[in-house]
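Residue numbers for the sequence shown follow the numbering used here, so the first one is 1 and each next one is one higher.
Because the hints were derived from the structure by calculation, they are not lab data.
Just so you know, not all the hints are guaranteed correct.
[Stated by the list, open to error] As a list, the in silico DSSO-like pairs of lysine-lysine whose alpha-carbon atoms are at most 27 Å apart: (1) Lys54 <-> Lys237; (2) Lys46 <-> Lys100; (3) Lys351 <-> Lys233; (4) Lys54 <-> Lys100.
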Amino acid sequence: MGQGRAVALLLLLSVLWVSCRDAAEAEEGGGAAVEMFERWMERHRKVYAHPEEKARRYGNFVRNLEFVRRRNEARAAAAGSPGHAVGLNVFADLSNEEFKEMYSSRALRTAIQERRSRKRLVEKVAGEAAACEAPTSLDWRNRGAVTAVKDQGQCGSCWAFSSTGAMEGINAITTGDLVSLSEQELVDCDATNDGCQGGYMDYAFEWVINNGGIDSETNYPYTGVDGVCNTTKEEMKVVSIDGYEDVAANGEALLCAVLQQPVSVGIDGSSLDFQLYTGGIYDGDCSDNPDDIDHAVLIVGYGEQGGEDYWIVKNSWGTSWGILGYIYIKRNTELPYGVCAIDAMASYPTKNSGSASPPSPAVMPPPPPPPPPPPPPASPSPSQCGDYSYCPADETCCCILDLGSYCLIYGCCSYENAICCAGTSYCCPQDYPICDVPDGLCLQVSIIFLSLSPPPPAAVKPASSCSFSCLWSSSGLFLLAERRRRRGGGGEAADAGQAPIPVDDNQRRRRTAQAIAVEGRWICGPTLKMTETPFRVSITNK
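Full structure from sequences and hints, please.
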């Protein structure tokens, strides 16, 4: 990209969170709430089958909006730890009852009872806690042991995502290969679990052991519905495990396990503040009773912020929930089983570093395409935008909508250290820092130079060149004229030295040359080769 060229690099920003002030603004009038709902639908690509369905979803949205307003106002007024934030995330059109029905796994509640009967639920008492030397923080994402956040959709398959995440982690640690594994194979083929109706991670580990391995997500992709087992793909075993272990039900034992690898855990994830979680260290309304466990997730590390310890937990609800798909759950509490009962149902697969690859089937089907390369290591923590809005560490926070000095809506620009185009949902890369929003362009050099100092020689060509556009500066007003003859109703263009021809804003935006005003004289620059691209003024979700 040469100096003086323009590139069409304006990007739509992805909205992560609507703040409590935005909620309060919507509450001032029904029209504002309706407009906010329409914006929210556009961001999350929500389409409803009929007007009645849309009206029902709007009612849920307004009730959740009020919850967000009250909860975040209370958080702002609280002394000490600010806790976690809630917002209008991707689940804002669901009632809490609908959310529980769609995303809870009743099978996990049965599983905790089975653990008790097998005497695997170890109470947290003195002398039973594991002892290990742990650093102050650990993040398996930075060690290449965690795949990208996935989305289970409206299928109660959280158990499958938790299980594959743990197997992906131990396989990467022992072999150096991070392979995304097939949740759909577990949903379709593991008869010991109930597919989209729920399941248990230990059963999934046992099934993979008995099957001799599991296929990749690339070859056996996720569909989000119960299907018939593809026995041909079931024979494609790209990763195997040797066994699994249950973790004693206390925080110390869980910490020692996480030091070794990512760990599958069960939690209660059905409360409204969990549903609408957008950031911060969660210590909310979930139950700490193991009998209420209804969701499965993956612990991928731990950290500390502001004197509070937390688990780094990978969820399977996509990147539009939480902190780009993650939640920080408070640890080291006085609760017997931890916040959301996170200590009560932990387990992990085992794999010997010398384990051979799974045997090939007798009749080999066509080989699957190679798995995608592992993603680059994630940052220990995303960039924070204002109060509990987040962007990936290699992206830039930009304010899309502000009220005075307070930003109501943040978005993420996929350029690092980008230039935010103020008051819009666009941004430019650092090396093309000038926003030309009307034309949908990022410019490397401004079309208009306000300085009256002579331009660099390379920026100027002789004035005798023909098809050049020029600018004249008079009291801060820039007018466009062409140093060539024009035909039509406008008559002839001004020749050199004559007064410039005024033009309207649309003509000015169609400028095709660089021009610099120097000491009240016409100076014409070389024609810029612009690449213009159409764009929609809309906000899309990442």
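Hints, one by one, checked against the model:
This hinted pair does not check out: lysine 54 and lysine 237 have alpha carbons roughly 44 Å apart, beyond 27 Å. For a cut-off of 27 Å, the pair hint linking lysine 46 to lysine 100 stands: about 20 Å separates their Cα positions. Taking the CA atoms of lysine 351 and lysine 233, the gap is about 22 Å. The hint holds against a cut of 27 Å. Restraint check: the Cα-Cα separation between lysine 54 and lysine 100 comes to about 20 Å, which is no more than 27 Å; the hinted pair holds.
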